[in-house]
Each structure stands twice: as C-alpha cells, then as structure tokens.
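> These are the residues of each chain, in order.
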Amino acid sequence: MVAEIGPSNIESAFLLEALKRGTRVDGRGIYDYRTLKISCGPTYGLAEVQLGQTRVLARVSCEVTRPFPDRPTEGIVLFNTELSSMAGFGLDSSRASTQEVAISRMVERVIKQSRAIDSEALCILAGEKVWTIRIDVHFLDHGGNLIDAASIAAIAALKHFRRPDVTIDGEEAIIHDVRERNPVPLSIHHTPICVTFGFFGASGDMLVLDPTLLEEQVQVSSFTITLNSHREICALNKAGGIPLSPDQIQRCTQVALAKVDEVNEKIQLALKASTA
Amino acid sequence: MASVKIVLPGDIIDTRREEDTTQQESNVEDEATVIRLGPGLVQSSEAVSAVTAGVLHSNSETNRWWVAGNKRRYVAAVGEPVVGVVVARHGEGYRVDIGSAHDALLSHLAFEGATKRNKPNLAVGTVVYGRVVVANSVMDPEIECYNSNTGKSEGYGELSEGFMFKCSLGLARRLIDTKAPVLAALGNGVPFEVAVGVNGRVWVNAGSVATTILVANAIRNSEYLDAKQCRQMVKELLEKQ
Chain A
1 MVAEIGPSNI ESAFLLEALK RGTRVDGRGI YDYRTLKISC GPTYGLAEVQ
51 LGQTRVLARV SCEVTRPFPD RPTEGIVLFN TELSSMAGFG LDSSRASTQE
101 VAISRMVERV IKQSRAIDSE ALCILAGEKV WTIRIDVHFL DHGGNLIDAA
151 SIAAIAALKH FRRPDVTIDG EEAIIHDVRE RNPVPLSIHH TPICVTFGFF
201 GASGDMLVLD PTLLEEQVQV SSFTITLNSH REICALNKAG GIPLSPDQIQ
251 RCTQVALAKV DEVNEKIQLA LKASTA
Chain B
1 MASVKIVLPG DIIDTRREED TTQQESNVED EATVIRLGPG LVQSSEAVSA
51 VTAGVLHSNS ETNRWWVAGN KRRYVAAVGE PVVGVVVARH GEGYRVDIGS
101 AHDALLSHLA FEGATKRNKP NLAVGTVVYG RVVVANSVMD PEIECYNSNT
151 GKSEGYGELS EGFMFKCSLG LARRLIDTKA PVLAALGNGV PFEVAVGVNG
201 RVWVNAGSVA TTILVANAIR NSEYLDAKQC RQMVKELLEK Q
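If you're matching them up, the sequences are chains A and B in order. Residue numbering for the first sequence is 1 to 276, as defined by the numbering used here. Residue numbering for the second sequence is 1 to 241, as defined by the numbering used here.
Each hint can be trusted.
Below are the DSSO-like pairs computed for lysine-lysine, each with C-alpha atoms no more than 30 Å apart in a straight line: (1) B:166 - A:259; (2) B:152 - B:166; (3) B:240 - B:228; (4) A:37 - B:71; (5) B:166 - B:240; (6) B:235 - A:37; (7) A:259 - A:20; (8) B:166 - A:37; (9) A:20 - B:235; (10) A:159 - A:129; (11) B:152 - B:116; (12) B:235 - B:179; (13) B:179 - B:71; (14) B:179 - B:5; (15) A:20 - B:240; (16) A:238 - A:159; (17) A:266 - A:112; (18) A:37 - B:240; (19) B:166 - A:20; (20) A:259 - B:240; (21) A:159 - A:259; (22) A:266 - B:240; (23) A:37 - B:228; (24) A:112 - A:259; (25) A:112 - A:37; (26) A:129 - A:112.
Worth flagging that the hints you see were computed from the coordinates, not collected in a lab. Please read all numbers here as calculations on a predicted model, not as lab measurements.
With the rest of the complex left out, here is chain A (with noise of 0.2 Å):
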C-alpha cells in the first residue's frame, strides 16, 4: 500500500503564495467555512455531513446492558470511528493511524468529558441495568478537518435520537417497544461543535478557518477549540507543530464563537427536517 506522502512542490509553493496575499486556492477567504450540509435519518440517530469535500456519517445506537461496577447509576458512551480506505488514498482500516487515533480522542473528549449527554438519565435500575449508548463514526471521504465535521455529525446525530421508552414497576423495568411507546430522546445538556484552525508561514502569522486536505499537509501548527451555544469553551486542542501566541489564541477564540452560532443553527434546521 502506497505511504502517505506529502504536498508536491507547487502545490505547497502556490498555496503560500496564494495565502501571503490573503486568498485560499479554493477562492474562500480565511475565516470562512465551506458549504456545511447536515442530513438527519431517514432512521432515528443517523446524521450525515458534509464539509465540502469531506464526508462523515454518524449513527447512534443503543442497548441495555450492566453498569460498570463503580458507576452503578450511570449509563456507558462508548465511541467508535472507522477511517477506511474509502474515504481517501493511502488510509487503511486494519491498523489505525496516529491522525485516526488523535481525530477519534480528540471527538470523544468532546463528547465524553464535556458530559454533553446526561449519563445519569440513562440508568434504568441502579447496579443492575443502564443503557449504553454507541456512537460510531465512519469517515466516507476525506477532504480536511475530519474533526469538526465528526464533532458535527456526533452531536447531530445525539440529538436525532430516540431511545425507547422504560416504566419501572418497583424492581422491575419495562422497556416498552417502539411501536407501542414514542420513543423518548436522550437527554443532552450542551452542544459542543469543534472549530479548528491551520496556521502557515515560519512563526504562523498566517492562519485559516476549516483547512482543507492540501491545507493540512503544508500547515505547520493546528489548534482546535471546542465551544457550545453557551459560550462555554468546552476543549482547546493543540498537538506540537510551532508555539503559538496569546493573540493568535484570542483571535481564533473570537472567530469560533461567530461559526458555532452558525453551525448549531444549521443542526437545529436539520434536526427539524428531518424525515425520521
């Protein structure tokens, strides 16, 4: 299988040039994103989004199981992503890569440790039965910042879903069958939308909003801040690459705040269109 190689020539020498003189080569403008699409359905719990050119689908499921033993009153989140050959040249499934394994941390932080979802509501009898919620990832097509789109499509597809129902009789739970009982959504207390930005140039004077594929390979810093509708900055993420200053750090955070907006009004109008 064909290594993961590098930006040619060129192409890195054109998209400084192209940056130097504050255009991107896709024509955008530095803080803007690329047309963001989010579908929700046509089942409960299944959102796809597109970024431009990168495509994710996210699909949440559930079953009852027992909790772990020192957590006897909350329900499991488990995370799961799958980054295969298909969505661009050079990846594979059977062994995932360190930017497979830091996408799938870094979203699962978000989802996780923000405690978006209230783990609490999701136990059923205290020790002995909690629903555990899977949320799987799959990356169709890679075309830059797999991150915010996965966080997109998570949290989207969170929102989408319906458990079913559960009446407790005393010691008993029933779990009511869909078709007999709406089924219920679970419950979220934020929405916690990943912005990640690429920085270019010896010292990162130059940044971008939402790098693309060529973007990632020729940038040499990148810096994820995770903020929810609250204004509450959830995460910051930045994994080497060159320091970057207190101003760089305030100006990225200024610019999140205006596209989370944005984002979370096109996962409301999806989550209302939807078919499911």
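Use these hints to put chain B onto chain A, whose structure you have.
For chain B alone, kept in the frame of chain A given last:
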C-alpha cells in the same frame, strides 16, 4: 431514440441488438460476430459482464462495447498522459506517484536530450507530466517524459510553476478533449496553460496567483455543468474579478 443503459458491477450484458433480429432470421448459421470489449467489461466463459458502474456504450460499426464510468481511483493503461509527483530517487530513475495502486517508474533517460552524462535532476516533490508506457497487472507501471519515437518532449517533462489539483477521472477525460466548453470559455477570457492527466490530476498555470485560482476553481466547478452553464459560470467568475 436509444435509451441510456446504466450497468452495475456484476451485471450480465446482452450484446445482441434489436436491429440484429431480422438478420438473425436470414443468417442463422453465420452468427459468429466478433464483439470487442473495451474498458469496464470482461468475458467469463460465454457471458459478458460489467466490472465498473456506469453507462453502457456500443459502436455498431466496430462492434465495440464499453462502460463509461466515473470514479476517482486511477488504473494505469498504456499510452495515457498522466500528471505525477516524484516520491523517491533511485540509481535507475525516479518513483512517481500517479494515483494508481503502485507508484510508477520513470527512468533517468526518459527525457528529451537525456544521456548517461546529462541526466535531469528532479527533487522529491517535483510534478511531472508523462505518458504511460508499461501498465499491466503484474508489473509496476512505467512512464516516460518525452515521445520515445521522435525524441522530443512534446509538452511532457517537469511542470515547474502553477498549481495542481485533483478531480474525478470522468472530468479529466472530458477535459482532454480540447473542445471542452469550460476550457474554451476560459481561454476566451484569460491566458493560461493547462496539463490534464487522465489520472484525475490537472496542472494549471496562469499569469498571476488570482487568475490561476480562478481557472482551477472554474474547472473544478464544471463537472456537472453542461456547455451553456459552463460559459455562464466562467462569465460570472471573470466579471467578479
């Protein structure tokens, strides 16, 4: 009007035609017409089946059948022009990524005017325009950057400035046809050079960065537009500039 027939991999193709039925009645024993299979079709014992998804085409004069599909993974075939990126240097030549499953080999001597003493010196990451000379399922593909019959480069060789982008194989094939509407419309508006590789890679060089970006985006956007829409799109892009 013939209907468009879409086939999927695994579909058995019926190569008899309706116009032939009258002929069949009179020439019952002379049925041995030779059918030539083009890309996307294979023969397994008696049946012909499709291996690519796409539209089934046939040429009644040459009795050639093929499937015109659109995908993004390139399979090398002899004689096709491709745009590649040098990934490694060897004693014998270079290894070039052309987007196929295996990298292609490019000999040091496969350039115009190259001799053992006078070899070109390409760095890793250089973009080259070449022609496939060897392509089969058992060997690595090989490309050359000149016309080995005439010894001239004829446009092949290193591509040093400009920008390269990837597109689908179907769009690349349509661009190779020089009457492609988007290239004609752009040519009327701005001067530029273009090298199209059927492996889904296009190199563009116009005078300035902004013009190059405009040309590259116009070509990328033209995939699903017909001729009239292409001209309209190019006109709007040029006016905005």
